[in-house]
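My request is simple: use the sequences and hints to build the entire structure.
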Amino acid sequence: MSTKQKSRWADDEEDAVLEAQRKKEKEEKKRAKAEKQRRADEAAALRAAELQGEAAAVADSSNNNTELSSRPAKRRRISPEIEGVKVELPPAKLLRFPSPEWKKCRSVEDYEKLNDIEEGAYGWVSRAKDSRTGNVVALKRLKMDNANDGIPVTGLREIQTLMDCEHPNIVALQEVVVGEDTSKIENIFLVLDFLEHDLKTLLEDMSEPFLTSEIKTLLHQLTSGVSYLHQNWILHRDLKTSNLLLNNRGVLKIADFGMARYFGDPPPKMTQLVVTLWYRAPELLLGAERYGTPVDMWSIGCIFGELLTKEPLLQGKNEVDELSKIFELCGIPTEETWPGFKRLPNARSLRLPQNPVSQGSVLRAKFPFLTKAGSQLLIDLLALNPGKRPSAQEVLEHAFFREEPRMKSAEMFPTFPSKAGQEKRRRRGTPNAPMRGNVPEIKATDFSGIFAGREDEEKGGGFSLKLI
Amino acid sequence: MSHLSNPLATAEQLFKSANNPLPIELLDSIRFYTARLTQAAGILLCLPQDITAQANVLLFRYWLVDDVMRHEFSDLSAAVVYLTAKISASPRSLRSITNVYAYLLSESSALSGTPVPEPDPQSYYLSEGTYVTRRNKLLHIEGQILNALGFNTHVALPHPLAITYLQTMDVFISPRTGKAVAKRAIEYLNAALLSPQMLYLTHQPASLATAAIYLAARDKGVKLPDCEWWEVSDVREVVNKQEGISNGDGEKEDEEAEMSRMLDEKVVD
Numbered sequence: 000m001s002t003k004q005k006s007r008w009a010d011d012e013e014d015a016v017l018e019a020q021r022k023k024e025k026e027e028k029k030r031a032k033a034e035k036q037r038r039a040d041e042a043a044a045l046r047a048a049e050l051q052g053e054a055a056a057v058a059d060s061s062n063n064n065t066e067l068s069s070r071p072a073k074r075r076r077i078s079p080e081i082e083g084v085k086v087e088l089p090p091a092k093l094l095r096f097p098s099p100e101w102k103k104c105r106s107v108e109d110y111e112k113l114n115d116i117e118e119g120a121y122g123w124v125s126r127a128k129d130s131r132t133g134n135v136v137a138l139k140r141l142k143m144d145n146a147n148d149g150i151p152v153t154g155l156r157e158i159q160t161l162m163d164c165e166h167p168n169i170v171a172l173q174e175v176v177v178g179e180d181t182s183k184i185e186n187i188f189l190v191l192d193f194l195e196h197d198l199k200t201l202l203e204d205m206s207e208p209f210l211t212s213e214i215k216t217l218l219h220q221l222t223s224g225v226s227y228l229h230q231n232w233i234l235h236r237d238l239k240t241s242n243l244l245l246n247n248r249g250v251l252k253i254a255d256f257g258m259a260r261y262f263g264d265p266p267p268k269m270t271q272l273v274v275t276l277w278y279r280a281p282e283l284l285l286g287a288e289r290y291g292t293p294v295d296m297w298s299i300g301c302i303f304g305e306l307l308t309k310e311p312l313l314q315g316k317n318e319v320d321e322l323s324k325i326f327e328l329c330g331i332p333t334e335e336t337w338p339g340f341k342r343l344p345n346a347r348s349l350r351l352p353q354n355p356v357s358q359g360s361v362l363r364a365k366f367p368f369l370t371k372a373g374s375q376l377l378i379d380l381l382a383l384n385p386g387k388r389p390s391a392q393e394v395l396e397h398a399f400f401r402e403e404p405r406m407k408s409a410e411m412f413p414t415f416p417s418k419a420g421q422e423k424r425r426r427r428g429t430p431n432a433p434m435r436g437n438v439p440e441i442k443a444t445d446f447s448g449i450f451a452g453r454e455d456e457e458k459g460g461g462f463s464l465k466l467i
Numbered sequence: 000m001s002h003l004s005n006p007l008a009t010a011e012q013l014f015k016s017a018n019n020p021l022p023i024e025l026l027d028s029i030r031f032y033t034a035r036l037t038q039a040a041g042i043l044l045c046l047p048q049d050i051t052a053q054a055n056v057l058l059f060r061y062w063l064v065d066d067v068m069r070h071e072f073s074d075l076s077a078a079v080v081y082l083t084a085k086i087s088a089s090p091r092s093l094r095s096i097t098n099v100y101a102y103l104l105s106e107s108s109a110l111s112g113t114p115v116p117e118p119d120p121q122s123y124y125l126s127e128g129t130y131v132t133r134r135n136k137l138l139h140i141e142g143q144i145l146n147a148l149g150f151n152t153h154v155a156l157p158h159p160l161a162i163t164y165l166q167t168m169d170v171f172i173s174p175r176t177g178k179a180v181a182k183r184a185i186e187y188l189n190a191a192l193l194s195p196q197m198l199y200l201t202h203q204p205a206s207l208a209t210a211a212i213y214l215a216a217r218d219k220g221v222k223l224p225d226c227e228w229w230e231v232s233d234v235r236e237v238v239n240k241q242e243g244i245s246n247g248d249g250e251k252e253d254e255e256a257e258m259s260r261m262l263d264e265k266v267v268d
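For the record, the sequence lines run as chains A and B. Take 0 as the starting number for the first sequence in numbering that gives the first Met the number 0 and just add one per residue. Take 0 as the starting number for the second sequence in numbering that gives the first Met the number 0 and just add one per residue.
Do not rely on the hints blindly, as some may be mistaken.
Said to hold, decoys possible - Below, simulated DMTMM-like cross-link-like pairs (lysine to aspartate or glutamate); rule was C-alpha separation at most 20 Å, straight line:
hint : chain 1 : residue 1 : chain 2 : residue 2
1    : A       : K102      : B       : E11
2    : A       : K102      : B       : D225
3    : A       : K128      : A       : E174
4    : A       : K103      : A       : E185
Stated by the list, open to error - Now the in silico label distances, taken between C-beta atoms and shown as ranges:
hint : chain 1 : residue 1 : chain 2 : residue 2 : range
5    : A       : L395      : B       : L3        : 52 to 62 Å
6    : A       : N147      : B       : E117      : 26 to 36 Å
7    : B       : P20       : A       : S182      : 17 to 27 Å
8    : A       : A171      : B       : S111      : 30 to 40 Å
9    : B       : D27       : A       : D148      : 29 to 39 Å
10   : A       : S182      : B       : E117      : 52 to 62 Å
Said to hold, decoys possible - Which bits of chain B does chain A cover? Going by a derived footprint, with three or more residues having C-beta under 8 Å, they are:
hint : stretch
11   : 7–18
12   : 88–94
13   : 127–139
14   : 151–161
I should point out that these hints are in silico values taken from the structure, not numbers from a laboratory. Note that the structure is predicted; figures quoted are calculated from it, not measured. A virtual CB, placed ideally from N, CA and C, is assigned to each residue, including glycine.
Next up, the structure:
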């Protein structure tokens, strides 16, 4: 109390004026000092430039005697100068290209194995330590198929695409190492960043799904990784929760590029036998040979749904079942909503109800707690017509990420005990990515059964099925 | 960025390869004839030129790591074509590749000299046994190549860049001369692939494309902009006749490009 009074007494007008003056003086001093410093800097820079210019000019004069050493720095020209009209341009800022090198693979013996993480359809992964640096990495061994065509092309593509990628949300390939015996290259290991979790195992072990803010963090990171890939003309073609890794600092990284490949514009003919069934876009199921980035966007939609409920969104037992589950959830395509879908190879054997008016998307009903923007994003990502799905860039700018609750920052992300770091993981039956090989013939996949069961249910309900 | 840039050879690698006990002329011949063999195989296999070009770049990169005499040149060429085609959009079967190389190495080969002899199918017939042996050899070398390159098979080519640069300089305004310049520039770039100077290992695609345009425009007497247009393609202009293989930071080496022109003529003959 007393101090307050005292200050009140002391702070009369005169004091305030004095204080203001002092402040002003101080500020002026500061400004003067900054000005001096700036001038000194400028002078130094000028001197440096002059020195450099002189050095360059001296160097030039050794080649070209017409140049005077006292002349200021100037780019030498070879093309004849046009007198008078030449305008001096500042030296151009040239792009410096990174030039990494190539060298022989190191040996896998340089790494000390810590524990196995998992064995996938495509190779096994283990946790290991670099004996030189002590860094913990994930070693992924390439599976060699026995076919007589050398090192499998899937592995080579994975290495090629991963080597070209550099993004915080894409797992980094540090190097490729081989077995000790290099007379025959059979044991090939990818040295990758080690991350504590994969999203699939994490979701299985959680009692409650992620919070909306956390889902936004994950989805945003996933989408920025995918956006980077698409900008660099890479299709991932096997996005699913078990291929998304998460570390204890809340950073998500896309992994497993076994199905990835470069594409072009217009898209080249590619196999439809890609993407794990539950995340496979309808155009792939219908046998499209030319497809593009929307197949990855569909998978992102499936992952979004899975993050919301902890359960994979579309768990079909086979291609036919998967497609019927998709139509159940997203409605039935019509010539208006998806022009030209009937011309896709597998659509011919498809039996669709004749008046599909009542068959809209039930996504909004399935996720009642999602905001309007959220469900709109989900519906857009799971659009049957690939042309209607948003690009990765559009998703990043979506209103969903701008509304409350905001994205949780990665640093604030909760941590979980790591299965990969400690113990053998439990495995649940997720179908594997399709194996390379012959695409089953169109006739072999019979889609006629999709609505077969419903025919009985809908009897008399004004619902007719037509063979197209 | 990766679409525009390549890994480059280190000074140490170039030094080591120059210090080979073999005479330099012999090394140059080996590089040239093997690269020409790859190019011929690419044509017979109907491979897109970018794949053949990438194969030759990988071949030269391999030789900076492993000794030139380590594998039979033709086997190495076949293996690198197989590997490059495999990871591309137009793979070729081992059967086709071994057949093509059997022909190219036979007396009936169009490469065996002028006049081209009457083809004698007997001389390039590949029995099942020989095929299996060759195939296994190729697969073995494929692994060796990948090991030597650290599995880095990325090759960015200057060809599309050259066309883009020409387009930005409005060279195609006159379709006839534009086409001629473009054609000549591409010829330079393809010829440089065979050059034992290994230009693709020491220079970034932007520099190669710019040099090719410069030479092509000079050949065809086409006027390019007066200003320093090469700066737009991030190339510094330095004409330095004294320096041999440069430090590889984007310089325009007239001498080396001249060299590639000589080679170009050699191939056309």
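Checked hints:
1. K102/A with E11/B: It holds: about 11 Å lies between the C-alpha atoms, which stays within 20 Å.
2. K102/A with D225/B: violated, 42 Å
3. K128/A with E174/A: Distance ~14 Å between K128/A and E174/A Cα, so the pair holds.
4. K103/A with E185/A: Between K103/A and E185/A the Cα gap is close to 15 Å, so the pair holds against 20 Å.
5. L395/A with L3/B: 52 to 62 Å: violated, 25 Å
6. N147/A with E117/B: 26 to 36 Å: Holds - the Cβ-Cβ distance for N147/A and E117/B, about 35 Å, lies within 26 to 36 Å.
7. P20/B with S182/A: 17 to 27 Å: Holds: the Cβ-Cβ distance is about 24 Å, inside 17 to 27 Å.
8. A171/A with S111/B: 30 to 40 Å: violated, 49 Å
9. D27/B with D148/A: 29 to 39 Å: This hint holds: roughly 34 Å between Cβ atoms.
10. S182/A with E117/B: 52 to 62 Å: violated, 42 Å
11. 7–18: Contact hint for the stretch 7–18 of chain B vs chain A: holds, 4 residues under 8 Å.
12. 88–94: Coverage by chain A holds for the stretch 88–94 of chain B (3 residues, Cβ < 8 Å).
13. 127–139: Contact hint for the stretch 127–139 of chain B vs chain A: holds, 4 residues under 8 Å.
14. 151–161: holds (count 3)
Consistency note: the structure conflicts with the earlier hints numbered 2, 5, 8 and 10.
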